[in-house]
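Visitor: Protein chains in written order, with the numbering used here: chain A, 11 to 77; chain B, 11 to 77; chain C, 11 to 77; chain D, 11 to 77; chain E, 11 to 77; chain F, 11 to 77.
Think of the hints as simulated: they come from the structure by calculation, not from any bench. Model, not experiment: these values are computed from the prediction. Think of the CB as a built atom: it goes at the ideal place given N, C-alpha and C, for glycine as much as any other residue. Errors might be hidden in some of the hints.
What the hints assert, rightly or not - Here are some of the chain E residues that sit facing chain F, going by a computed Cβ distance under 10 Å: (1) Glu-45; (2) Leu-58; (3) Ala-70; (4) Lys-77.
Said to hold, decoys possible - Far from chain D by the CB rule (all over 10 Å, computed), these chain C residues: (5) Glu-25; (6) Trp-28; (7) Gly-29; (8) Asp-30; (9) Arg-50.
Unchecked claim - Calculated cross-link-like contacts (lysine to aspartate or glutamate; reagent style DMTMM-like; alpha-carbon spacing at most 20 Å): (10) F:Lys-77 to E:Asp-62; (11) A:Lys-77 to B:Asp-62; (12) E:Lys-77 to F:Asp-62; (13) B:Lys-77 to A:Glu-25; (14) A:Lys-77 to E:Glu-76; (15) C:Lys-59 to E:Asp-30; (16) E:Lys-77 to F:Glu-24; (17) A:Lys-77 to B:Glu-55; (18) B:Lys-20 to A:Asp-41; (19) F:Lys-20 to E:Asp-41; (20) B:Lys-77 to A:Glu-55; (21) E:Lys-77 to F:Glu-25; (22) F:Lys-59 to E:Glu-76; (23) B:Lys-59 to C:Asp-30; (24) D:Lys-59 to D:Glu-24.
Protein chains: 6
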Amino acid sequence: MALSARNRLKGVIEEIAWGDVLAHVTIRIGDALVESVITRRSAQELGLKQGDPVTAVVKATEVMIEK
Amino acid sequence: MALSARNRLKGVIEEIAWGDVLAHVTIRIGDALVESVITRRSAQELGLKQGDPVTAVVKATEVMIEK
Amino acid sequence: MALSARNRLKGVIEEIAWGDVLAHVTIRIGDALVESVITRRSAQELGLKQGDPVTAVVKATEVMIEK
Amino acid sequence: MALSARNRLKGVIEEIAWGDVLAHVTIRIGDALVESVITRRSAQELGLKQGDPVTAVVKATEVMIEK
Amino acid sequence: MALSARNRLKGVIEEIAWGDVLAHVTIRIGDALVESVITRRSAQELGLKQGDPVTAVVKATEVMIEK
Amino acid sequence: MALSARNRLKGVIEEIAWGDVLAHVTIRIGDALVESVITRRSAQELGLKQGDPVTAVVKATEVMIEK
Numbered sequence: 011m012a013l014s015a016r017n018r019l020k021g022v023i024e025e026i027a028w029g030d031v032l033a034h035v036t037i038r039i040g041d042a043l044v045e046s047v048i049t050r051r052s053a054q055e056l057g058l059k060q061g062d063p064v065t066a067v068v069k070a071t072e073v074m075i076e077k
Numbered sequence: 011m012a013l014s015a016r017n018r019l020k021g022v023i024e025e026i027a028w029g030d031v032l033a034h035v036t037i038r039i040g041d042a043l044v045e046s047v048i049t050r051r052s053a054q055e056l057g058l059k060q061g062d063p064v065t066a067v068v069k070a071t072e073v074m075i076e077k
Numbered sequence: 011m012a013l014s015a016r017n018r019l020k021g022v023i024e025e026i027a028w029g030d031v032l033a034h035v036t037i038r039i040g041d042a043l044v045e046s047v048i049t050r051r052s053a054q055e056l057g058l059k060q061g062d063p064v065t066a067v068v069k070a071t072e073v074m075i076e077k
Numbered sequence: 011m012a013l014s015a016r017n018r019l020k021g022v023i024e025e026i027a028w029g030d031v032l033a034h035v036t037i038r039i040g041d042a043l044v045e046s047v048i049t050r051r052s053a054q055e056l057g058l059k060q061g062d063p064v065t066a067v068v069k070a071t072e073v074m075i076e077k
Numbered sequence: 011m012a013l014s015a016r017n018r019l020k021g022v023i024e025e026i027a028w029g030d031v032l033a034h035v036t037i038r039i040g041d042a043l044v045e046s047v048i049t050r051r052s053a054q055e056l057g058l059k060q061g062d063p064v065t066a067v068v069k070a071t072e073v074m075i076e077k
Numbered sequence: 011m012a013l014s015a016r017n018r019l020k021g022v023i024e025e026i027a028w029g030d031v032l033a034h035v036t037i038r039i040g041d042a043l044v045e046s047v048i049t050r051r052s053a054q055e056l057g058l059k060q061g062d063p064v065t066a067v068v069k070a071t072e073v074m075i076e077k
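Can you build the whole structure from these sequences, using the hints too?
Guide: Given below as structure tokens:
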């Protein structure tokens, strides 16, 4: 099964800050850090923890460009 | 001036597909490709063209995680 | 592999309107129609066509509530 | 008055988890559950509670497709 | 009926650029211009035209801050 | 440097509600209030406080229209 979202960046979880409804997840991707805010429930159901290999997924319409 | 969006990834424009209202921009960021859909007007006003160094910017709430 | 996006609704593609950069896809889900705008490239790479069984996927932070 | 957002799914609130800034609302829509994260203030001002009939509203550009 | 989206700005349509799948709508709101990209179908079904009084609606999680 | 996001509205911070992971920021823009939910970390790193002049930034694809 494949998803229409065009951006997939592989990395490793560096840190998770757990909130009451959301979790703030920091992912190391090469030299860069990518930060994601997802529901606490998704983070729990995926069993996210520091060191996990994960993929950051972003729909193309959500990406802005700065020049 | 700084923006609250937490994700900033530097790369180089590899390709632009121009539509009537939108533009589909492909950015090479290290080994990965990131794709962005922005308005044609923004792409024109920024003068985007192949080879331009640009930064892809994404709000953290728009990043999903796959594991 | 599982994705953090919490909403997954299974249905069947009823219609696709192809634009130059995007595609507008209508999905029948039970009694309801769900409409999605994705890139033309994703729609092509997924080989989307009328009658295909697909899943509409939405991040929880993108869902509003009317009462 | 009508809104441009193309997706409107009617259901009933099954659960609300209240956070400090946000609320995580689960809506039963037929056989499916749809989850929404909105501001705590909106949830309070709408007076959301278990059993309320509500409509989940999603902009078409926020819907991804998996096949 | 009320919607959870917290931002509602009243204005008047100044221009519409019609694309094949989307429409790019420019709204004058006081001294500012706000631009919206919605589906062509929504713009047609709402009968949008220059001079129409409309409200721009934005979910709070989609608003970034620059300082 | 310029960003592709087409909507930029200048105002002054009227209130900040701090959550564990997010901050809910209310901005006065002329006669209107605009509300933004950003990460707590961004709000801290930008040093946001009541009375600060700021700009609300929104991508055009996130703006809906009501008529």
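Visitor: Hint by hint, note whether the structure agrees.
Guide: Evaluation of the provided hints:
| no. | hint | verdict |
| --- | --- | --- |
| 1 | Glu-45 | holds, 4 Å |
| 2 | Leu-58 | holds, 7 Å |
| 3 | Ala-70 | holds, 5 Å |
| 4 | Lys-77 | holds, 5 Å |
| 5 | Glu-25 | holds, 13 Å |
| 6 | Trp-28 | holds, 14 Å |
| 7 | Gly-29 | holds, 12 Å |
| 8 | Asp-30 | holds, 16 Å |
| 9 | Arg-50 | holds, 13 Å |
| 10 | F:Lys-77 to E:Asp-62 | holds, 8 Å |
| 11 | A:Lys-77 to B:Asp-62 | holds, 8 Å |
| 12 | E:Lys-77 to F:Asp-62 | holds, 8 Å |
| 13 | B:Lys-77 to A:Glu-25 | holds, 15 Å |
| 14 | A:Lys-77 to E:Glu-76 | holds, 16 Å |
| 15 | C:Lys-59 to E:Asp-30 | holds, 19 Å |
| 16 | E:Lys-77 to F:Glu-24 | holds, 14 Å |
| 17 | A:Lys-77 to B:Glu-55 | holds, 10 Å |
| 18 | B:Lys-20 to A:Asp-41 | holds, 11 Å |
| 19 | F:Lys-20 to E:Asp-41 | holds, 11 Å |
| 20 | B:Lys-77 to A:Glu-55 | holds, 10 Å |
| 21 | E:Lys-77 to F:Glu-25 | holds, 15 Å |
| 22 | F:Lys-59 to E:Glu-76 | holds, 13 Å |
| 23 | B:Lys-59 to C:Asp-30 | holds, 19 Å |
| 24 | D:Lys-59 to D:Glu-24 | holds, 8 Å |
Figure legend: structure checked against the earlier numbered hints; every hint is met.
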